[in-house]
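**Q** From first to last, the protein sequence lines are chains A and B. Numbering-wise (the numbering used here), the first sequence opens with residue 1 and increments by one. Numbering-wise (the numbering used here), the second sequence opens with residue 1001 and increments by one.
It is worth saying that the hints were derived from the structure and are not from the lab. We put the beta carbon where it would ideally sit given N, CA and C, even for glycine. Among the hints, erroneous ones may be present.
Stated by the list, open to error - Here are some of the chain A residues that sit facing chain B, going by a computed Cβ distance under 8 Å:
#, residue
1, W161
2, A181
3, A185
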Amino acid sequence: MNKTVNQKAWFFVLPVLVLVAFNAIVPLMTVVNYSVQETFGDNIFFWAGIAWFEEVLTSSRFHASLGRQLTFTFTILAIEVPLGVIIALAMPRKGPWVSVCLVLMAMPLLIPWNVVGAMWNIFGLPEIGLLGKTLNVMGFDYNYTRQPGDAWFTLILMDVWHWTSLVVLLAYAGLVSIPDAYYQAAKIDGASSWSIFRYIQLPKMKRVLTIAILLRFMDSFNIYTEPSVLTGGGPGNSTTLLSIDLVKIALGQFDLGPAAAMSLVYFLVILLMSWIFYTVMTRNEDQ
Amino acid sequence: MPGAALRRANAIQNICYSWTTGRLGALMALELKQVGKRVAGETHVYPTDLVLERGSFNTLLGTTLAGKTTLMQLMAGLEKPTTGEIWFDDVNVTGRPVQKRNVSMVYQQFINYPNMTVFDNIASPLRVARHSEDEIKKRVGAMAELMKISAMLDRRPSELSGGQQQRTAMARAMVKDSDLILLDEPLANLDFKLREELRDELPRIFGQRNCVVVYATTEPSEALLFGGKTAALYEGRVTDFGATGKIYRHPRDLTSAMVFSEPPINTANVRKTEGRILMNENVTWTAPAGLPDGAYTIGIRPHHISPITRDPEAVAIEGTVKVAELSGSESMIHFDAYGDSWVSLSHGVHPFDAGERAVLYADVSRCFYFDTNGKLVAAGGGHTEH
């Protein structure tokens, strides 16, 4: 039988192609364009080759930002994932409290990011903020606008407050999908609650936790709005994460070439690390 | 008076029966005394008396929501009864938690530890009981052999077929020498072929054990295949209990007969006068001996009604065919006659068109007579042996 050649079918793909082109390909190519050229505005470009990439990759400023970014991301992952699982385990499976808990958990996720930043900005002020004032009254010398340690503490606390719910909701969805029969079977076997967690709940939550970790990794690696509103990257450069640094270079200094090169490196780092995460976490299933 | 004689005969049988179970006291294992369960004002199981012996294969037969699962969970100790007591080997275990009862359970879903190998899954109850590794290896090996999964011991449950997963779950249930093994519709989630395969093996696998086996199912054919004993469950009550063949041939009442019939048993209202049974002016036959005059409900199984007959005593029923389902070597014919719906199940292919007038023949020598309270008063050709 001859294969039907239907050229009209391309028209049906066209809207998606156009959408993707404007949404992803064109902006990405613009960035690539900037990353290999030098410009002083006025649409005059000079070829720069890989100079910007060399500059970014050897710049100690980039290394420092990347280091802060990795510290931030792995700290919040180390806190949010176990905490989210613990909260999900503690939540009721049945009854009227389920919806109450779910709504409470969903609340932080619904607040716009810049509002979260502004909230914590005020919340942490040492003179008038509830958190800042309380800590100072208790005798802690807390001032997130002056002390880098305090700035980090506030930043991480804010992210934990804002995003642990996502892990909780995903882990909870994984937990409620386990049939009662599993728990009964474990009970009949005389399994301890640790065994139930280790051999039933954790393996059954594995898929949703993989998604939770990936989402939290990517989001926290991209984070901009909240720290920028909370600390603006300060004090000094102490909370200048990659995205904040990028914006400073691109819009503050108007170094479009290095900023474009940095964007691409940034993008490739996220892509590579997501791939590593995913491969490591799903490795056992392919065996 | 013949009615009184019949009742007396039934009473004597009941006495004989309880005397028999009493005499078998040495074998007795699981005993339910007035065990009932109510949840939030709703009765799931009415107070039930039941004695299940060691080495016996017991089928709990009933539709969904009949209370099979609740009854099993009560037996296991996963649920506490709201009334009554549960005794095991003459010890009251009502309040004893499930992990101290030496019970195993197999579920409709294939319940295995997802990230353990088949070996570790089967070994898990032995590890909890702290057996030596040599002992574990020996027992798991023997159990895997029995369940025909020896080649899969290194795999994880997700790499097995449904049938193999359920075999693993069954091996885990049997490996620890439980006193009570509960199987809650273990074949329901398997496809037809795997179900048949495993079903044929079950009596061999469970038959040799000195424990009480309880098997819940919605399918009468499974109860018949396994033999052993059957308890018919209907809306939270055990309506009948005894040797499977006896329950099938002499159901205690109309409800039990309905539970133990698939497709559903045909029923019709009849009267007995002057030695004859009258369904209506056209359909009448000789009454079984000893049946008193009065109104009865008859029950006749679908496979005792056929479009063809060689039996001169068979009663012709004329009706309108609703639908004829022909499957392989069997024909199931649904038809309306005399204001009732009827089903006939017969060998061979008997095509009928919907709406066609047809005559079908009922083997009335095999029909049950229930009195107005639904109690069985005569079965088949008037046999009353119990």
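**Q** Please go over all the hints and tell whether each is borne out by the structure.
**A** Hint-by-hint comparison with the structure:
no.: 1; hint: W161; verdict: 33 Å, violated
no.: 2; hint: A181; verdict: 4 Å, holds
no.: 3; hint: A185; verdict: 5 Å, holds
The structure shown violates just one earlier hint, number 1.
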